[in-house]
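S.K.: Fit chain B to the known structure of chain A by using the hints.
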Amino acid sequence: MAPDSFEIVVGLEVHAQLLTQSKLFSPESTAFGAAPNTQTSPITLGHPGTLPRLNRKAVELALKMGMACHCTPEPHSYFARKNYFYPDLPKGYQISQHRSPLCGPGWIRIAGEEGPREIRISRIHLEEDAGKSLHDQDPAFTCIDFNRAGIALIEIVTEPDLRSGKEAAAYLTELRRLVRWLGVCDGNMEEGSMRCDANISLRLKGAGDLGTKVEVKNMNSIRHVHKAIEAEARRQFAILEDGGLVCQETRSFDAGKGESFPMRVKETADDYRYFPDPDLAPLYCSPSWLEEIRSAMPELPEARTERYRASCGLSAYDARGLAEDRETGDYFDSVISLGADPKAIANWILGPVKSWLNEHPGSVLPLSASRLAELSGLVLGGTISFSAASARVLPELVRNPDKTPVQVAQSLNLIQDRDQDRIGVLVDQVLGEMKDKVLEYRKGKKGLIGLFLGEVMKKSGGNADPRLTREMLEKKLGGYPVGRSPKKN
Amino acid sequence: MVRDYLDRISAHASLNAFIEVYKEEALLAAASIDDRFREKLPPGRLGGVVIGIKDVLCHKGHRVSAASRMLEGYVAPYSATAVQRLQDAGAIIIGRLNCDEFAMGSTSETSAFGKVLNPLDPSRVPGGSSGGSAVAVAAGLCMASLGSDTGGSVRQPADFCGIIGFKPGYGRISRYGLIAYASSFDQIGVFGRNLDMVAEVLSVIGGPDDFDSTVFPTKVPDYQVTIPEKRPFNLAYLKNALDHQGLDPEIRTGFEFFFEKLRKAGHRVDGVDFDLMEYLAPAYYVLTTAEASSNLARFDGIRYGYAGKPDQLVDYYRNNRSLGFGREVKRRIMLGTFVLSSGYYEAYYTKAQRVRRLVRARTDEIFSKYDFIILPNSPVTAFPAGQMLNDPVAMYLADIYTVFANLAGVPAVSLPLFRHSNGMPFGAQVIGNHSDEAGLIQVSSYFMSNFRMGD
Chain A
1 MAPDSFEIVV GLEVHAQLLT QSKLFSPEST AFGAAPNTQT SPITLGHPGT LPRLNRKAVE
61 LALKMGMACH CTPEPHSYFA RKNYFYPDLP KGYQISQHRS PLCGPGWIRI AGEEGPREIR
121 ISRIHLEEDA GKSLHDQDPA FTCIDFNRAG IALIEIVTEP DLRSGKEAAA YLTELRRLVR
181 WLGVCDGNME EGSMRCDANI SLRLKGAGDL GTKVEVKNMN SIRHVHKAIE AEARRQFAIL
241 EDGGLVCQET RSFDAGKGES FPMRVKETAD DYRYFPDPDL APLYCSPSWL EEIRSAMPEL
301 PEARTERYRA SCGLSAYDAR GLAEDRETGD YFDSVISLGA DPKAIANWIL GPVKSWLNEH
361 PGSVLPLSAS RLAELSGLVL GGTISFSAAS ARVLPELVRN PDKTPVQVAQ SLNLIQDRDQ
421 DRIGVLVDQV LGEMKDKVLE YRKGKKGLIG LFLGEVMKKS GGNADPRLTR EMLEKKLGGY
481 PVGRSPKKN
Chain B
1 MVRDYLDRIS AHASLNAFIE VYKEEALLAA ASIDDRFREK LPPGRLGGVV IGIKDVLCHK
61 GHRVSAASRM LEGYVAPYSA TAVQRLQDAG AIIIGRLNCD EFAMGSTSET SAFGKVLNPL
121 DPSRVPGGSS GGSAVAVAAG LCMASLGSDT GGSVRQPADF CGIIGFKPGY GRISRYGLIA
181 YASSFDQIGV FGRNLDMVAE VLSVIGGPDD FDSTVFPTKV PDYQVTIPEK RPFNLAYLKN
241 ALDHQGLDPE IRTGFEFFFE KLRKAGHRVD GVDFDLMEYL APAYYVLTTA EASSNLARFD
301 GIRYGYAGKP DQLVDYYRNN RSLGFGREVK RRIMLGTFVL SSGYYEAYYT KAQRVRRLVR
361 ARTDEIFSKY DFIILPNSPV TAFPAGQMLN DPVAMYLADI YTVFANLAGV PAVSLPLFRH
421 SNGMPFGAQV IGNHSDEAGL IQVSSYFMSN FRMGD
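Residue numbers (my numbering), protein chains in the order written: chain A, 1 to 489; chain B, 1 to 455.
Same shape as in the complex, but just chain B:
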């Protein structure tokens, strides 16, 4: 079976989903799982499940580069908690997956290893930053994959590629071993073609970890796809989101139709006011670039990573960081350095923190009355390749629907429910309350079996 996946990976090499495939190692791991089956030993909860990991997760003894020249040749000296737990559960790690450099981007075009193509239409981007992870699952190159979601980097590519992308709430999965973009937003997410697989992977990798003090101390429940106990649901959508001028009218119509069907099925679906909509993307970019400017300061070429020839210290730093990082990463480091600078701090960083607090308060208010919030993932379907590269602001604004869950810290999933007349899929983003990953999985399962259109 692993051989089949390896064959498919070579057949789809042009998609550029993988940066590296662990061929020999995967075959060996498969053989040892086979032995366990033969000897009737328990193979592990994910025994034999073929999984790809985004190139921002450390895997001991393997290269990890965050798709950047900066970490060319760098070998991880330890494994991320999530990766270790996958392996302990018998999963077969088949390779590391391409993405935007340092997970910064919405198109998977900023990788130092070349852009990733959308398997449904190679002239379009697969979304980002976890584009390789979404493509690998969508094209059947592995059964599930891990990505990371700082502002939509799991949900948006899942939306563009027509699969499920699940971002747990902040603090549900240890970030230890995840190369940081913005620490208070980053969360490991899971891609899959069905919810059972996603739930299994989440159950294995979630839960407390001594190495990450921002993880909830409570154990994760055993996530199961079951029939929801509570029905009908109280569902909310954000009026300001659906009224947004950038939203593709066809996507908007799709959602209106979806809401009608839900109402007919006996659920309550209300539009709620959310006047912070216009502040979401700006606050998100101020805070994430601020954190990124500090998180990426460690890449200086002194202890590891890209290093030019020795020079006077300041020139050495300048040289390593100018050549090691790509354009988008440098843009965000400079933006983040600016917003934290004295004289600008209050106007940007402090104000953005205030927006974040207001978003959280408003979210709590909504969840005091509703079970879930439904939103689009993206105002448009997958963009044509190259379109966003020279217009970063347009790209940043395309994150408007996904950054909400990261600002609030709540779990959210992208479900492939719809199809656009341009032939591309688009999904519904369902957002759950804090710590309600279990409920989110259940309602997702209900939506997937009853409201999937276009297939």
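Next up, chain A with everything else stripped away, as it sits in the complex:
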């Protein structure tokens, strides 16, 4: 059997912590990184007599995500209890919409290996997070931090539509872009605010039925998901090649070793005894509420990319780059709304602005929209060169947000000289000093223009407008810019 006679089938379950101020059923804060057990209330800790109260903001965020994934919001859904005992589960049950999801089927488009693909979403539902068991804090005991208990989660489940680790990574990248775009989740897999479990199986290409699936957990980055799927596919292939059978189990991924190992096998089958939570009224989303949420939906990344391509005339690559996150896209929009040239601004944002951000991690955008518009305008008008503007004016403007680009360029002596008389003198000087080179040029060694240009620039102290200088050199040397006919004097 050859590996390429098999196909990998992957379905993903992603849990995303919602960016609500308070928990799904109780009022305490959800901020990450607080001291253990400081963000707990009697409700979170499951004290006797406490009752859950639904956070409507969480429902709203879940609905937004559903709408962005082309899912159908269900007007009627309910919360059920998933009963099991574990120390980090305070009530002895998790409140979940497992039986009755808030959002029905939808899809997300990803950049597949052979062009765009639609990955089907089977459901999106709300549930509460559990606390965190810390096994490494004490030699004898497991410690539990209940800060995370009760935080609102959405679970986003795909159909088994993904065909490789790479596609799974593309799906997660797209999903992360969406949750961040909508402000639904910060998408941080390292901190665990977005978590992913993968169901992986192999089948012969063209086979209709799915193979036995293995669930892999504990992958805390997109890269790990990619690797874990590839590793699991290799493992399953080796088993099948030996004539063995894949055993349905749950495995945990060890990123250090790049392989997964079986998790503790439970002695008994899970029976979560789901039943509707009698403490919560069924959830009803009225048509008017749904409409209100729908009409407040922002322009989504796909539409944004298309707009940048179609009406701003940008390349697909640039358009996609600007719509990578909402902040960048919104920044671009606000700069061009000031009348700036879209292509030039795209170059600015994806070039110098992005590099500056990469060099200063955690910073906000360095320039206000109007400053960037002014700066770009100065370059287009030939007042300063792009290289001087990006390498020198930009950092100076960041340091002195009150100054205008013109002021900065002046103070750094970067304003380009466009005085034809002054440049003409320098051109004559240089050509007079390099007579033999001029001869060579006229014989056809056109590349020498760069040398002459460099000399003139040097003599001007770098201030001469290079474009203008070049034009003047070419004219003087008898050559003409391509596409122009010589003019008779």
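If you're looking for bench data, these hints aren't it; they were derived computationally from the structure. Please note that a few of the clues may not be correct.
In silico BS3-like cross-links for lysine-lysine, where the CA-CA straight-line distance does not exceed 30 Å [as the list claims (entries may be wrong)]: (1) A/K57 x B/K219; (2) B/K230 x B/K261; (3) B/K23 x B/K40; (4) B/K219 x B/K230; (5) A/K437 x A/K403; (6) B/K351 x A/K82; (7) B/K330 x A/K82; (8) A/K205 x A/K217; (9) B/K239 x B/K369; (10) A/K57 x A/K217; (11) A/K82 x B/K23; (12) B/K115 x B/K309; (13) B/K309 x A/K132; (14) A/K459 x A/K446; (15) A/K458 x A/K443; (16) A/K132 x B/K60; (17) A/K403 x A/K446; (18) B/K309 x B/K60.
M.R.: Below, chain B without anything else, positioned relative to chain A:
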């Protein structure tokens, strides 16, 4: 006055109605009410009213145990909405009252703090699960008390002790701070010797609460005992209930006599068919134990409550829950776990839910033609102590008349109208339509002043 109550409580300590008496605190509260009277400040709607609360209601800074070893030493970190509202209205909380463990039982004998005795005949049980609450009012140890009623736990002990026990409709009083037995059935109820007191307490504790999303969003009216505007009444009784073979013939005769008197007074009293009678107790026990098995999962000894010595996790759970809970509670947890298990779910839980829907539909049908339904509370008067402990099924079947109102979610009251030849009282259960607590109070007042026998 508070001192008088405290004296009576010590004099009747053998009834075991109180688990804890807040002596100093009650005296201090009384003194501050006295100050308000002296300074002519409004004392609050329940200013100076001495109230006891069932040991399933959280009272911030005070112990609450659900009469279980499981919560031995547990101090409530917050107050139940109902308790908070009582205190805000100036009521004096005099202590917490004994009951069946986790409100599971009909005799008040399953408490980890010992059984409660019936003040009218100490060889008999006071009923349950809110036995302590009924006894405290019946023996004059407080003016009113709060209980909880999941399947009759307010009405049946009121019946056995000869006082009024009022269970509002589901959703009328916030359950926040009430230790849950079965969430879709539990309702806080009020015990009193007269309807005025009951109506006052209901007006104070009822109404919407941000902490309980199953409470009606509408404000409660100011419940008043007034002369009913609408007379004569259209009254129904369930034929299948009165024909039930377990019903004490003397109770049956009492009701027939009562209905005759009502007819003579110009009211319409009809027997209606209710063929779901035999399904009530089974459906009730399937659904309540299912909910209880989940509601009581939080008692694991990890965050609070009874905990043995640390061990491997599964043994730790097993140990804490085996020793912390009593027999009846464990029986119901196991029953509830069973009926929710895959393979049995459809046959039990789903079917019981269907019965509940049918009961509700039939109830609505009856209330489309009648103003109130009249039923016994219990097929018998107070049982001799110990009789039911070893026959849980007989005890469950004794709930047949009271679980109806909880399955339907409607308000119901037990009125002490009758006396049996064995010397014990028995009451009439009057059931009102959804949200008709006000009408129920009025008709109760009319019955109490015109149809009380035997006194």
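S.K.: Indicate, hint by hint, whether the structure satisfies it.
M.R.: Quick rundown of the hints versus the structure:
1. A/K57 x B/K219: holds (25 Å)
2. B/K230 x B/K261: holds (18 Å)
3. B/K23 x B/K40: Holds, because 26 Å separates the two Cα atoms, which is no more than 30 Å.
4. B/K219 x B/K230: holds (23 Å)
5. A/K437 x A/K403: Status violated; Cα separation ~44 Å.
6. B/K351 x A/K82: holds (20 Å)
7. B/K330 x A/K82: holds (20 Å)
8. A/K205 x A/K217: Status holds; Cα separation ~26 Å.
9. B/K239 x B/K369: Judged against 30 Å, a Cα distance of about 16 Å means the pair holds.
10. A/K57 x A/K217: Satisfied, since the Cα-Cα distance of roughly 29 Å is no more than 30 Å.
11. A/K82 x B/K23: violated (43 Å)
12. B/K115 x B/K309: Given that 30 Å is the threshold and the Cα spacing comes to 29 Å, the pair holds.
13. B/K309 x A/K132: holds (23 Å)
14. A/K459 x A/K446: holds (21 Å)
15. A/K458 x A/K443: holds (25 Å)
16. A/K132 x B/K60: holds (28 Å)
17. A/K403 x A/K446: violated (42 Å)
18. B/K309 x B/K60: Satisfied, since the Cα-Cα distance of roughly 28 Å is no more than 30 Å.
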